[in-house]
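Undergrad: Whole structure, please, built from the sequences with the hints as guidance.
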Amino acid sequence: MRALATSLALLCAGCTGSQTVLAPMGPQAAQLNWLLWSFILICGIIWLLVMFVLVLALRYAAVPSQRGERRAAVIVGVSVAASALVIIVLTVMSYAATRGLSVAADDPLVIRLRGYQWWWEVTYTDRRPDRMLVTANEIHVPVGHPINIELSAADVIHSFWVPNLVGKQDLIPGRRNDLTFTASRPGVYRGQCAEFCGLQHAHMALLVIAEEPAAFEAWRDAQLQVARPPETIEQEAGRTFFVSQPCAACHTVRGTNAAGTLGPDLTHVASRRTIAAGLLETTRGSLAAWIADPQTIKPGNNMPMVTMTPEQLRAVSAWLVDLQ
Amino acid sequence: MLLIALALLACKREARELRTDPPATDALNGVVPMANRINGGLPRIFIAQGSPYENNAYQLGQGKRLYDWFNCKGCHANGGGASGPALTDGRWRYGPDPVSIFLTIRDGRPHGMPAFANRLTTEQIWQLTGYVRTMGAYSAQTAAPSRNDEMQSRPAENRAPAATEIRMPPSR
Ligand SMILES: [Cu+2]
Chain B
1 MRALATSLAL
11 LCAGCTGSQT
21 VLAPMGPQAA
31 QLNWLLWSFI
41 LICGIIWLLV
51 MFVLVLALRY
61 AAVPSQRGER
71 RAAVIVGVSV
81 AASALVIIVL
91 TVMSYAATRG
101 LSVAADDPLV
111 IRLRGYQWWW
121 EVTYTDRRPD
131 RMLVTANEIH
141 VPVGHPINIE
151 LSAADVIHSF
161 WVPNLVGKQD
171 LIPGRRNDLT
181 FTASRPGVYR
191 GQCAEFCGLQ
201 HAHMALLVIA
211 EEPAAFEAWR
221 DAQLQVARPP
231 ETIEQEAGRT
241 FFVSQPCAAC
251 HTVRGTNAAG
261 TLGPDLTHVA
271 SRRTIAAGLL
281 ETTRGSLAAW
291 IADPQTIKPG
301 NNMPMVTMTP
311 EQLRAVSAWL
321 VDLQ
Chain F
1 MLLIALALLA
11 CKREARELRT
21 DPPATDALNG
31 VVPMANRING
41 GLPRIFIAQG
51 SPYENNAYQL
61 GQGKRLYDWF
71 NCKGCHANGG
81 GASGPALTDG
91 RWRYGPDPVS
101 IFLTIRDGRP
111 HGMPAFANRL
121 TTEQIWQLTG
131 YVRTMGAYSA
141 QTAAPSRNDE
151 MQSRPAENRA
161 PAATEIRMPP
171 SR
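Protein sequences, first through last, are from chains B and F. Take 1 as the starting number for the first sequence in this note's numbering and just add one per residue. Take 1 as the starting number for the second sequence in this note's numbering and just add one per residue.
These are computed hints drawn from the structure, not numbers from a lab. Possibly wrong hints are sitting among the right ones.
To be verified - Taking CB as the label site, the calculated pair distances span:
no.	chain 1	residue 1	chain 2	residue 2	range
1	B	I233	F	G112	49 to 59 Å
2	F	T142	B	P299	17 to 27 Å
3	F	G81	B	D126	37 to 47 Å
Please read all numbers here as calculations on a predicted model, not as lab measurements. The C-beta atom is built at its ideal place from N, Cα and C for all residues, glycine as well.
TA: Here it is in structure tokens:
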């Protein structure tokens, strides 16, 4: 009894949360959720029926006879027809439910998502080029507004899956895949790369943050600003170090000379909740730990260890944590 | 028994050193060039580590990735040369040895090769050096970088000789 209760409790723990298909937070996810439950229900009923018939067959084994054989032929015929019918119904249902997932909505917000080993580059498009925006590992979306995500990959195949919002879609090098979703309630939804892509595949998460349209616009305007200038001498030293070292060859910080595109844009790195694709919460300590030795924290990732003195490390972390 | 022993032999996998320790990095930077900055002494630690930038496939593969990432392709193409000289033809303006190539990448060369000292770490410069040397190698090697993602425009790095055509020696 107790075992049953625990397993039930464990099962129910999967019904809520920020990374589950069972708590849909948008129309597309709701459709998929409906599809899932219909499948479970229909297949469950069929399974029970089959088990019932199996028990009957075992219990009352028939004596072979001419009439029995004709009856068996009828039963087999009816079952085949019923199976075909069930498969057709399920096919039509899943077609109906998934049809709308890659159809572009009217006037959507178009976001480009590019997968890298092992992080996500997020680009907000706009008709005005000066309102284009590049960030990483975190997607902010306005609630109730249709989002069109254009998926591509830089190196190998990755897969986008934020179960609370929409189903899975691959990011494939040399190809563009589209996905449409709408978030109907504010919240933070977690997603994770869903296609094995190498050593650090397990550490390639991203957050979708759905907020009220006004809050979203405020976020977007803040992100469009260049990096805020250093305030203290230490931060100033951090910036000087950053732009004169290999960091600047890989990272962009708008408002400085750093314009590399091989790693995440760091213009507003401290405004993001996590660094290294969901691995660490963004604090000065975690930034410093990451910069001091990225290969021990996330072995094999594409950021090398740059040798520096403790003063330089303090300075660069003081500057980065201020880039709100 | 023998079969099992043989099978177990295959379990030894090439070790991947994902980063060097800072003192080792400093030591690796300490090449001793000749006065004309061509050729010179390899850092002692290079040999002590077992020359990973010459014979470790992971290090060579990293070099290959950096060759693309840091736009060596922009000037040297896939090794055949463009505005920069060819790297696969087996002829070197500044010498074929690791120290010369390391110095070329780190400090640049007067006729248009930029210095990468502030854009690459010492480890990365060695990875690139190893990779550039496999591009122009004249003898086959067992350690090879990863395959090309694009179409192959020349023989793979582990095949020798790398040059696709035999040219006449320069008549100087
Ligand atoms: Cu992955």
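Undergrad: Next, verify each hint and record whether it holds.
TA: Hints versus structure:
1. I233/B <-> G112/F: 49 to 59 Å: violated (39 Å)
2. T142/F <-> P299/B: 17 to 27 Å: With Cβ atoms ~25 Å apart, the hint holds.
3. G81/F <-> D126/B: 37 to 47 Å: holds (41 Å)
Hint 1 alone, counting from the list given before, is not met by this structure.
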